[in-house]
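**Student:** Here is what each chain is made of, one letter per residue.
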Amino acid sequence: MIQYIIRRLILVVVLMWVVSMVTFAIFFLIPSATGTSPAVLFAGKAPTPDTIAAVEVKFGLKDSIPVQYGHFVEGIFVGRHFDNGADKSYCPPPCLGFSFVNNQPVWEEIVSDLPVTLSLAAGASIMWLVTGTAVGVLSALKRRTIFDRAAMGLALAGVSLPIYFTGLVLLDLISYKWGILPNVHYVGITDNPLSWARNLLLPWIALTFLYAALYARLTRAGMLETMGEDYIRTARAKGLTERRVITRHALRAALTPIVTIFGLDLGQLLGGAILTEYTFGLIGVGHLSIDAISRQDLPVIMGVTLFAAFFIVFANLVVDVLYAFVDPRVRYS
Amino acid sequence: MTDIHERPALSPTAFLDVRDLRIHFATDDGLVRAVDGLSFSVERGKSLAIVGESGSGKSVTSLGILGLYNKRNARVSGEIYLDGQELVNASPDAVRALRGKKMSMIFQDPLSSLHPYYTIGWQIEEAYRVHNNVSRQEARTRAIELLKRVGIPQPDKRVDDYPHQFSGGMRQRAMIAMSLSCNPELLIADEPTTALDVTVQAQILDLMKDLQEEYNSAIILITHDLGVVAEVADDVVVMYAGRAMEYGTAGDIFYSPEHPYTWGLLASVTRLDRERSERLQPIPGNPPSLINVPPGCPFHRRCRYEALNGGVQRVERPDLEESSPGHYVACHLPVEERRRIFRDEVATLL
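Just so you know, the sequences run in chain order R and H. The numbering used here puts the first residue of the first sequence at 1, with every later residue one more than the last. The numbering used here puts the first residue of the second sequence at 334, with every later residue one more than the last.
Quick caveat, the hints were computed from the structure, so don't treat them as lab data. Accuracy of the hints is not assured; some may be wrong.
Label-pair distances were calculated between CB atoms; the ranges are [said to hold, decoys possible]:
id	chain 1	residue 1	chain 2	residue 2	range
1	R	Arg252	H	Asn549	34 to 40 angstroms
2	H	Gln470	R	Ala221	37 to 43 angstroms
3	H	Arg377	R	Thr260	47 to 53 angstroms
As the structure is a computational prediction, the values presented were derived from the model and not from experiment. Even for Gly, the Cβ is constructed at its ideal location relative to N, Cα and C.
Take the sequences, apply the hints, and build the full model.
**Tutor:** Rendered as structure tokens:
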């Protein structure tokens with residue numbers, strides 16, 4: 001088991017290394033594609049050649065690309081000093097550079113937007129996991145009833161409708177027309193937990209509608225398959241109550257694949273829910289990344305890309321380890 | 334000659350008494366008559382084998398006794414008495430309370446019949462604890478004791494293994510241990526050795542025989558393997574298209590079988606002491622669909638001696654009639670004719 005985890009960890013390190021190289025390439029590929037240089041982008045509007053030269057010296061843009069990559073990685077682990085004689089700045093680890101737009105360390109930008117993304121992902125994931133699996137199980141047990149058909153029809157709508165549609169409909173009806181919930185405005189959980197939840201409820205519902213739909217269908221299919229397994233017949237032959245057969249035997253097997261997909265979905269969402277954040281005007285990591293792209297703010301683009309990739313890779317690791325706990329056949333092979 | 338279907342209700346009944354059992358399933362394609370008027374009985378300490386080809390209704394019969402059919406689409410009629418208690422019309426909860434306790438079952442494929450995510454011990458403990466109000470520790474002690482009884486080496490260690498860590502034979506032993514957890518009086522074994530190696534098959538059969546002597550339980554053995562039948566059965570029901578074609582003692586079935594279908598089954602047994610050319614005599618054709626069972630004798634389209642009946646076999650279903658005490662046959666051929674054919678034409682081939 002320990003060996004298994006160590007193998008996975010090594011894989012994570014290798015993956016992140018590859019991701020960091022690809023991300024680093026963005027820094028040079030985008031300016032060359034648009035015909036500018038990073039220094040020009042940083043120096044602001046209509047820079048003088050002196051300013052550009054000063055920027056190039058400060059950020060070491062004259063060094064060879066491998067050397068620059070080395071500095072980049074070094075910065076992530078130990079921080080970086082930028083210095084061209086006249087202008088000094090220190091970027092503490094994990095250093096992802098400074099934003100071209102406002103000269104703030106990228107890491108701080110991400111961290112300041114992270115609570116919104118975390119709140120969004122945490123609340124929504126719990127909601128969709130619970131509703132999705134519950135509806136899926138009920139649908140499977142009440143197969144071909146009106147409940148099943150209605151739930152699966154709704155699920156189809158959930159998967160197909162984009163978040164900027166459901167989100168806007170929710171906002172219009174619940175927030176503007178009926179005034180049940182406030183217009184979404186992020187409030188820190190430590191400031192006012194109730195207000196935090198009330199403000200995030202609409203985006204959570206919108207995300208739940210999207211994700212729970214898939215989970216409901218997967219759970220339903222899983223349950224139907226499991227209920228036909230021989231070991232379910234064995235469980236019944238033991239004289240167990242139908243309730244126990246379903247909860248301890250069928251669900252245990254049917255929900256196992258859900259672990260995988262849940263981990264991956266959550267990991268992806270932690271890297272920023274771009275459409276949701278935009279629809280509800282929440283300033284999270286997703287919002288930050290879109291802003292950065294539209295302004296060609298290269299260090300921020302690199303930062304959020306690396307950040308999002310980290311969550312996905314990390315989620316994969318967690319899923320693999322969790323799966324070994326959930327499925328003994330994985331553990332011993 | 335008396336018709337077994339019209340046998341008056343005996344009182345007291347046999348330990349297990351199945352009378353005119355019918356299990357039909359409503360499907361999109363039509364009504365499947367999986368079991369269509371089956372009667373037999375088993376006493377404590379005795380073994381009954383139900384033999385027949387795939388799709389003859391053997392497994393449905395066993396699941397029917399345990400009440401394990403899908404209540405939504407199954408229509409069950411007839412009577413099943415277990416130790417005097419009627420099961421067909423009993424409440425599902427009453428039947429559930431008997432399952433695993435008074436009657437239990439061993440399934441064909443022990444790997445797929447055991448839950449892959451729980452340890453062997455957990456699964457046996459669960460079977461024991463449903464019907465006995467004991468602590469986990471007591472149940473665990475019981476599980477280890479049972480594993481030891483069925484011949485699992487180092488049971489105190491293996492109790493924490495998962496099914497995939499067991500070999501096929503050990504899984505079936507574990508399955509047997511699980512079904513024995515509450516000392517059932519009726520044990521139904523549905524093809525218990527089919528998924529196992531030949532050497533392991535004999536061990537499992539021996540184990541079942543030993544356990545039967547120890548607990549004096551009744552056994553119903555569902556199989557298509559006449560070799561297995563010869564080894565363990567006291568009585569035999571030969572099933573075809575949901576009905577009994579022949580029912581008698583193992584001696585009747587093996588030494589004086591009277592139904593052409595039984596002859597066919599016996600002739601298709603692999604015998605290593607015969608010349609290759611005369612070894613296997615498969616029955617031509619396939620069993621009929623249980624949705625459209627042909628009128629008349631269900632076997633007549635495959636019967637070698639069909640012509641001897643003069644047409645009645647195509648319109649009239651033969652009743653199961655007693656040809657000698659305790660030996661029942663459902664065939665239109667006259668008794669003397671059947672016996673003559675067996676003696677002159679069939680016996681030499683077997």
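**Student:** Give a verdict on every hint.
**Tutor:** Right, here's what the structure says about each hint:
In this structure, Arg252 (chain R) and Asn549 (chain H) meet the distance hint of 34 to 40 angstroms, their C-beta atoms being roughly 37 angstroms apart. Between Gln470 (chain H) and Ala221 (chain R) the Cβ separation comes to about 39 angstroms, which falls inside the hinted range of 37 to 43 angstroms. One distance hint, 47 to 53 angstroms for the beta-carbon pair Arg377 (chain H) and Thr260 (chain R), holds here, with the actual separation near 51 angstroms.
The structure is consistent with each of the numbered hints, conforming to all of them.
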